[in-house]
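The whole structure should be built from the sequences, with the hints applied where relevant.
Sequence order for the protein chains is C and G.
Residue numbering for the first sequence follows numbering that gives the first Met the number 0, beginning at 0 and increasing consecutively.
Residue numbering for the second sequence follows numbering that gives the first Met the number 0, beginning at 0 and increasing consecutively.
Careful, some of the hints might be misleading.
If several chains are the same, the list does not tell them apart, and a pair holds so long as it fits within one copy or across any two.
Unchecked claim - Subject to a maximum C-alpha distance of 27 Å in a straight line, what follows is the list of computed BS3-like cross-link-like pairs (lysine-lysine): (1) K445 <-> K29; (2) K356 <-> K323; (3) K215 <-> K323; (4) K9 <-> K119; (5) K346 <-> K372.
FYI, nobody ran anything at the bench for these hints, they're computed from the structure.
There are 2 protein chains.
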Amino acid sequence: MTAALEPVLKRIDEDFDNSVARLCELLRIKSIGTDPAYDEETRRAAQWCADQFKEMGFDSAVRNTPGQPMVVAHYTPPDATDRTPRVMYYGHYDVQPPDPLELWDSDPFEPTIVEAEHGKRIVARGANDDKGQFMTFVSAFRAWTDVHGSLPVKIIVFLEGEEESASPSLEPFLEANQEELAADICIVSDSEAWSIETPAITYMLRGMVFIDVTLKGPAMDLHSGMYGGGVVNPNNALARILGELHDENGLIQIPGMYDDVRELSEAEAKAWENLGFDDAGFLGGIGLKESTGEKGRTLLQRLWSRPTCDVNGMWGGYIGQGAKTVIPAEAHAKISCRLVPDQDPEKIYNGLVKFLKDRTPPDCTWEIECHGKNPAIRVPTESPYLEAALKGLRATFDNPPVLIGCGGSIPVVGSFQRILGFDSLLAGFGLEDDRIHSPNEKFELKCYHNGIRSQAAMMHSLAELAQ
Amino acid sequence: MTAALEPVLKRIDEDFDNSVARLCELLRIKSIGTDPAYDEETRRAAQWCADQFKEMGFDSAVRNTPGQPMVVAHYTPPDATDRTPRVMYYGHYDVQPPDPLELWDSDPFEPTIVEAEHGKRIVARGANDDKGQFMTFVSAFRAWTDVHGSLPVKIIVFLEGEEESASPSLEPFLEANQEELAADICIVSDSEAWSIETPAITYMLRGMVFIDVTLKGPAMDLHSGMYGGGVVNPNNALARILGELHDENGLIQIPGMYDDVRELSEAEAKAWENLGFDDAGFLGGIGLKESTGEKGRTLLQRLWSRPTCDVNGMWGGYIGQGAKTVIPAEAHAKISCRLVPDQDPEKIYNGLVKFLKDRTPPDCTWEIECHGKNPAIRVPTESPYLEAALKGLRATFDNPPVLIGCGGSIPVVGSFQRILGFDSLLAGFGLEDDRIHSPNEKFELKCYHNGIRSQAAMMHSLAELAQ
Chain C
0 MTAALEPVLK RIDEDFDNSV ARLCELLRIK SIGTDPAYDE ETRRAAQWCA DQFKEMGFDS
60 AVRNTPGQPM VVAHYTPPDA TDRTPRVMYY GHYDVQPPDP LELWDSDPFE PTIVEAEHGK
120 RIVARGANDD KGQFMTFVSA FRAWTDVHGS LPVKIIVFLE GEEESASPSL EPFLEANQEE
180 LAADICIVSD SEAWSIETPA ITYMLRGMVF IDVTLKGPAM DLHSGMYGGG VVNPNNALAR
240 ILGELHDENG LIQIPGMYDD VRELSEAEAK AWENLGFDDA GFLGGIGLKE STGEKGRTLL
300 QRLWSRPTCD VNGMWGGYIG QGAKTVIPAE AHAKISCRLV PDQDPEKIYN GLVKFLKDRT
360 PPDCTWEIEC HGKNPAIRVP TESPYLEAAL KGLRATFDNP PVLIGCGGSI PVVGSFQRIL
420 GFDSLLAGFG LEDDRIHSPN EKFELKCYHN GIRSQAAMMH SLAELAQ
Chain G
0 MTAALEPVLK RIDEDFDNSV ARLCELLRIK SIGTDPAYDE ETRRAAQWCA DQFKEMGFDS
60 AVRNTPGQPM VVAHYTPPDA TDRTPRVMYY GHYDVQPPDP LELWDSDPFE PTIVEAEHGK
120 RIVARGANDD KGQFMTFVSA FRAWTDVHGS LPVKIIVFLE GEEESASPSL EPFLEANQEE
180 LAADICIVSD SEAWSIETPA ITYMLRGMVF IDVTLKGPAM DLHSGMYGGG VVNPNNALAR
240 ILGELHDENG LIQIPGMYDD VRELSEAEAK AWENLGFDDA GFLGGIGLKE STGEKGRTLL
300 QRLWSRPTCD VNGMWGGYIG QGAKTVIPAE AHAKISCRLV PDQDPEKIYN GLVKFLKDRT
360 PPDCTWEIEC HGKNPAIRVP TESPYLEAAL KGLRATFDNP PVLIGCGGSI PVVGSFQRIL
420 GFDSLLAGFG LEDDRIHSPN EKFELKCYHN GIRSQAAMMH SLAELAQ
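Structure (structure tokens):
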């Protein structure tokens with residue numbers, strides 16, 4: 000089958016200028032999905048995408064939701080069998096607002112080609128996130144159909160227009176269209192490569208439990224002179240409790256927190272070590288010198304494979320200018336735990352609540368509200384789809400691809416797994432310095448080009464699974 | 000000299016209706032000192048007070064300041080000697096704004112006589128705080144001069160119009176007029192009796208150190224997914240440090256905190272026990288059942304004679320609705336220590352700073368701002384002025400007077416001591432339920448009447464010190 004890929008890669012190289020031109024056409028559409036003033040432009044971007052797939056013979060449509068529309072496009076090869084893999088391709092056509100405009104060197108919606116250290120780059124809002132990223136598979140589809148007249152796998156393209164607005168319509172849409180959206184694997188193009196020379200697939204994502212707590216003490220705010228020393232101060236009490244969340248070694252004291260945490264295999268630990276992650280550079284970028292946290296773990300392990308417990312917000316009493324001698328009636332905190340593979344969010348939530356309730360000060364009560372409970376995600380390293388994707392990346396880059404973790408959650412991946420039941424492979428081609436969400440967002444043409452080639456090669460490897 | 004007092008008390012009783020009428024006249028003046036719209040009324044109240052003293056032969060004047068004016072009135076008895084005590088009388092003629100107006104049963108500036116459990120009461124803004132309170136000594140002066148044609152002690156009346164606005168002009172005025180305001184003792188009429196039957200002198204006031212702290216970590220707010228577990232979270236770190244301010248027994252862990260704390264004498268401890276303070280009632284009023292704090296101390300001891308460390312405010316990270324997974328660049332707290340007699344505010348401030356700095360997390364720095372350092376105040380129980388005041392109260396109440404503490408600070412008392420060098424006796428006649436600062440503020444006529452009699456009797460006892 001390598002014979003099938005070679006001419007496609009050649010076609011991609013020859014047609015690259017047109018691929019850039021098509022991306023620029025899309026970048027000119029101001030699809031700021033979060034701003035109703037741009038609703039018309041946002042829908043125009045959806046239609047532009049749907050038309051691309053229609054041109055290539057997909058059954059493609061703009062699908063309405065209560066928010067921004069979805070683009071769903073289906074393709075079945077003429078020679079498909081039951082063994083032909085069904086591959087979903089995910090991306091989003093909405094972009095972040097471009098503000099502050101004055102910090103842009105050029106019009107954010109007039110894509111500009113600029114020469115820099117890695118050669119040419121496109122500067123525009125959405126150049127990377129996510130128009131440039133998902134246009135890698137759109138361009139790969141086009142090259143493949145140009146050469147072969149058809150595509151080698153069953154495809155569902157799924158593009159949303161609310162990714163930058165927390166995707167309110169996504170899950171209802173998935174629930175309502177489960178059968179139609181059935182697939183074996185999803186390729187998500189919305190993440191970073193390890194470097195411009197080294198492609199990466201993100202195979203681990205942390206999950207999260209997020210709660211909002213209020214510790215209620217006296218019936219009203221009190222004067223700290225009249226009452227101080229004799230009654231509970233919810234600020235002091237809450238601080239004490241939050242301070243007990245970790246022990247001296249950085250281990251989280253929530254009951255059951257480590258019961259189910261999956262330890263890295265020796266091979267994984269070794270592979271992560273071999274990534275040569277630049278701890279000092281990572282910390283220096285945020286003004287720090289030392290990694291803190293769980294003792295006896297590397298920084299990457301702390302970030303990717305160990306659970307956390309962060310106080311994301313806390314407040315109580317007087318927080319204005321100057322002095323006010325108040326003992327507040329209540330104190331508040333927002334607490335989140337990042338979860339790692341095999342941890343049960345429900346169990347961690349219950350443990351967190353127990354941790355708090357076990358420490359309830361005299362005369363106090365808790366109000367606890369949960370804002371989310373999502374498990375971590377881990378694509379099994381023995382997955383044939385993962386192996387196929389890696390094979391595709393090996394075919395198009397000199398450096399071998401790396402498997403990496405991600406400390407954050409990518410909600411769509413959890414939604415696909417929970418509602419549709421398949422894993423996602425995060426194969427992105429952006430760079431860390433692409434300034435997504437910031438002025439002068441850019442995408443290296445080299446990344447775009449390698450991305451298109453990689454998408455073709457991955458599709459080819461996935462098709463081979465049918466044999 | 001008791002012969003001198005008897006006819007004065009008789010005169011006070013006979014003239015009481017006029018004393019009420021004069022108080023009502025003052026209550027009708029809308030001296031809302033904090034609101035510039037009432038500046039003219041506020042000045043009219045000052046003038047009204049100054050005129051009262053002028054009528055009784057004082058050298059009395061309204062004295063301008065950058066804010067509301069002071070009223071200063073001097074009196075020297077014709078037969079005064081060097082041994083005649085110099086007594087300052089302090090009060091304030093400004094009142095709190097009456098809002099919310101709809102919660103008043105009558106016009107706040109049209110004093111209304113209402114019959115209730117203790118007999119008649121006056122309902123009006125300022126009925127207690129502080130017009131009713133200071134009119135006790137004004138009426139006592141009047142009765143005394145009516146009967147004897149002169150007064151028995153040297154007097155400086157000092158009334159301010161900014162007490163409800165944190166007294167910005169007070170200290171500069173005291174500094175600028177130190178010689179003129181020299182006295183031996185001050186009688187402050189701005190506090191509460193122990194009960195309607197039992198008069199009280201407040202002889203202990205706690206002091207305070209108040210600081211504002213910022214714990215600074217990363218150079219910017221971070222995403223808790225990308226960075227959580229690997230870097231310091233100033234919220235968690237600050238909570239941990241604040242949580243260490245007290246040990247399991249409620250003892251404050253600031254270095255040197257208890258070095259100089261004066262223990263109560265056995266006699267004082269016994270006297271406080273004998274007060275029969277209603278712990279359950281005090282706590283029930285604020286929705287609590289248990290007193291917490293330093294182990295092995297009574298509630299009154301915790302409130303009056305033990306130092307505290309309260310977090311009056313804390314904040315960091317996201318404090319709005321819903322979830323935001325941020326690791327904040329910094330976290331903040333406002334921390335105050337109430338101080339008790341013999342503690343040095345400078346030493347406690349230094350100890351608090353050391354406590355924080357000793358716990359500085361890696362890569363973090365502190366910003367610390369001090370909003371005030373004031374020592375506690377304690378009038379020596381062997382003071383002849385205190386003894387004289389108690390004697391006066393014994394002469395006018397059936398129940399013996401009690402000596403009490405106060406957990407708060409009364410800044411003017413500290414200012415008098417620091418700038419003018421004399422102690423203050425807080426002999427007030429209000430009740431806890433007088434609703435000062437609230438709608439339907441009231442003053443029991445019985446309290447007013449006993450207050451006038453007590454002021455006459457205390458003045459008589461103070462005069463006896465000259466013999």
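Hint-by-hint comparison with the structure:
1. K445 <-> K29: within (25 Å within a copy, 77 Å between copies)
2. K356 <-> K323: Between copies only: 24 Å across, 30 Å inside.
3. K215 <-> K323: both (20 Å within a copy, 22 Å between copies)
4. K9 <-> K119: Within one copy only: 20 Å inside, 103 Å across.
5. K346 <-> K372: within (10 Å within a copy, 48 Å between copies)
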